[in-house]
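These protein sequences, in sequence, are chains A and B.
When the count follows the numbering used here, it moves up by one through the first sequence with no breaks and lands on 319 for the last residue.
When the count follows the numbering used here, it moves up by one through the second sequence with no breaks and lands on 97 for the last residue.
Note that these hints are calculated values from the structure, not bench results.
Hints should not be assumed to be uniformly reliable.
Within a straight-line C-alpha distance of at most 27 Å, the following computed DSS-like cross-link-like pairs (lysine-lysine) qualify [what the hints assert, rightly or not]: (1) Lys289/A / Lys53/B; (2) Lys89/B / Lys278/A; (3) Lys277/A / Lys15/B.
Residues of chain B placed beyond 10 Å of chain A at every Cβ, according to the derived structure [claimed, not checked]: (4) Lys5; (5) Ile6; (6) Ile19; (7) Ser21; (8) Arg46; (9) Glu54; (10) Lys72; (11) Val87; (12) Lys89.
Positions of the beta carbon are idealized from the N, C-alpha and C atoms, including for glycine.
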Amino acid sequence: MVFGLWSLVFYRGILLNQKEYPYRYTAFGLNIGSEIPIPDLYPSENVPQVFVDIGDVPTNLSNPTLKRRTYQLSTNEFILKVANVGDFYVINGNRITINPNKTFNQNDLRVFLLGPAFGALLHQRKALLLHASAVAVNGSAILFMGNSGVGKSTFAHIFNELGYETISDDLSFLVKNSDGKIYIHSGIPRLKLWKDVMTAFDKDIDCHEQVMTNYEKYHVYPQKVMSSNSFPVSKAYLLEKSDQSTSTIIKLEGIDKINSIIHSTYRKHYVEYLGIKKEHFSLCFDLAKQVDVLKISRQCSQFVKEELFAFIRKNFKLD
Amino acid sequence: MLNQKIDLNTAVRAKSELISSDIDGEIVMMDIEEGSYYGLNNVASRIWQLVEKEITVSNVCDALLHEYDVDKKECEKEVIKYLETLVDKKLIDICNV
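Turn these sequences into a full structure, and let the hints guide you.
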């Protein structure tokens with residue numbers, strides 16, 4: 001009798017451990033278990049609820065709502081095929097399966113994992129995902145929205161230098177709390193900075209991980225551990241390139257404000273095909289009611305550290 | 001596209017699947033299906049508030065005449081024209097009597 005019970009426990013144990021997820025992290029309010037290391041994220045001891053594994057990826061979705069050459073979407077599935085890196089399959093907001101190419105590079109893989117793959121996963125969880133970097137100032141979050149290359153991570157880094165923590169780089173995952181307010185979960189604490197910014201801050205590029213092959217950005221990790229897990233959002237800035245020599249800041253109101261938030265959605269063209277329009281736009285409105293949005297227009301042709309520090313000290317109310 | 005004709009006795013009502021919110025004093029209204037959204041000025045916002053529940057065109061005009069300094073005939077003409085645009089854009093429904 002006793003022997004029989006032990007067999008059952010042992011057998012069940014084997015089944016549960018068939019896939020080990022030795023690398024554990026917490027990000028976006030989620031406990032993640034991964035078969036591959038993801039050093040960009042905060043390590044954790046928690047039991048995973050979201051999984052990253054290596055395995056087969058279907059060639060096609062059976063019922064895609066959107067189908068393109070390199071990616072396909074349905075309401076709860078996403079396939080992405082990246083040449084020379086691998087295929088990614090994201091399902092039900094809780095699993096990413098990667099089928100790496102034979103000649104894949106670990107760093108390249110991570111870029112797409114922590115970009116479009118996690119982006120799709122977070123969208124599948126039906127909250128508000130913005131293409132923005134976020135920093136913590138006095139217990140609440142400031143977001144930097146804008147197109148790729150406009151300076152979101154650079155702004156976040158200046159704030160780091162001034163003593164403020166990065167909440168997340170690139171992916172800002174916003175949720176509505178039971179108190180009705182919009183909060184951001186801490187996400188990816190490491191920044192990706194351009195070579196000229198690295199040089200201006202005397203960071204040796206030879207001592208830093210290059211983000212991706214043929215791409216002159218480098219990973220910069222935070223000095224200290226994030227103090228809290230989620231922050232109410234207090235303000236958002238929309239960064240924009242301008243060809244004027246003087247920088248301007250203007251407050252966006254009404255429809256311009258809501259526009260800036262909607263257009264800052266991560267991969268905004270996915271929203272329609274994910275079947276989340278109502279929830280998504282509702283959250284955009286909630287955020288617009290909660291925060292001021294200011295548009296910063298700056299010349300971006302050359303990074304001048306002192307100029308950006310001066311600009312931030314002048315225009316941001318920091319202690 | 002032919003406009004649907006409206007007169008003073010027509011009852012209209014905002015479609016329930018639209019989200020609208022007061023953002024910085026401007027009513028912004030979104031048609032999720034179309035993915036389009038509109039900022040409404042003062043008068044347009046007031047009209048939108050009125051048509052959130054089923055209401056006749058004549059009652060809309062009565063409310064506006066009370067609140068704005070405007071000629072009755074002018075008001076009726078403009079309101080009908082505006083509501084026809086909203087019907088056209090599928091933002092409000094004409095309620096069957």
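Now for the hints, and whether the structure bears them out:
| no. | hint | result |
| --- | --- | --- |
| 1 | Lys289/A / Lys53/B | holds (24 Å) |
| 2 | Lys89/B / Lys278/A | holds (19 Å) |
| 3 | Lys277/A / Lys15/B | holds (16 Å) |
| 4 | Lys5 | holds (30 Å) |
| 5 | Ile6 | holds (26 Å) |
| 6 | Ile19 | violated (6 Å) |
| 7 | Ser21 | violated (5 Å) |
| 8 | Arg46 | holds (16 Å) |
| 9 | Glu54 | holds (23 Å) |
| 10 | Lys72 | holds (30 Å) |
| 11 | Val87 | holds (22 Å) |
| 12 | Lys89 | holds (16 Å) |
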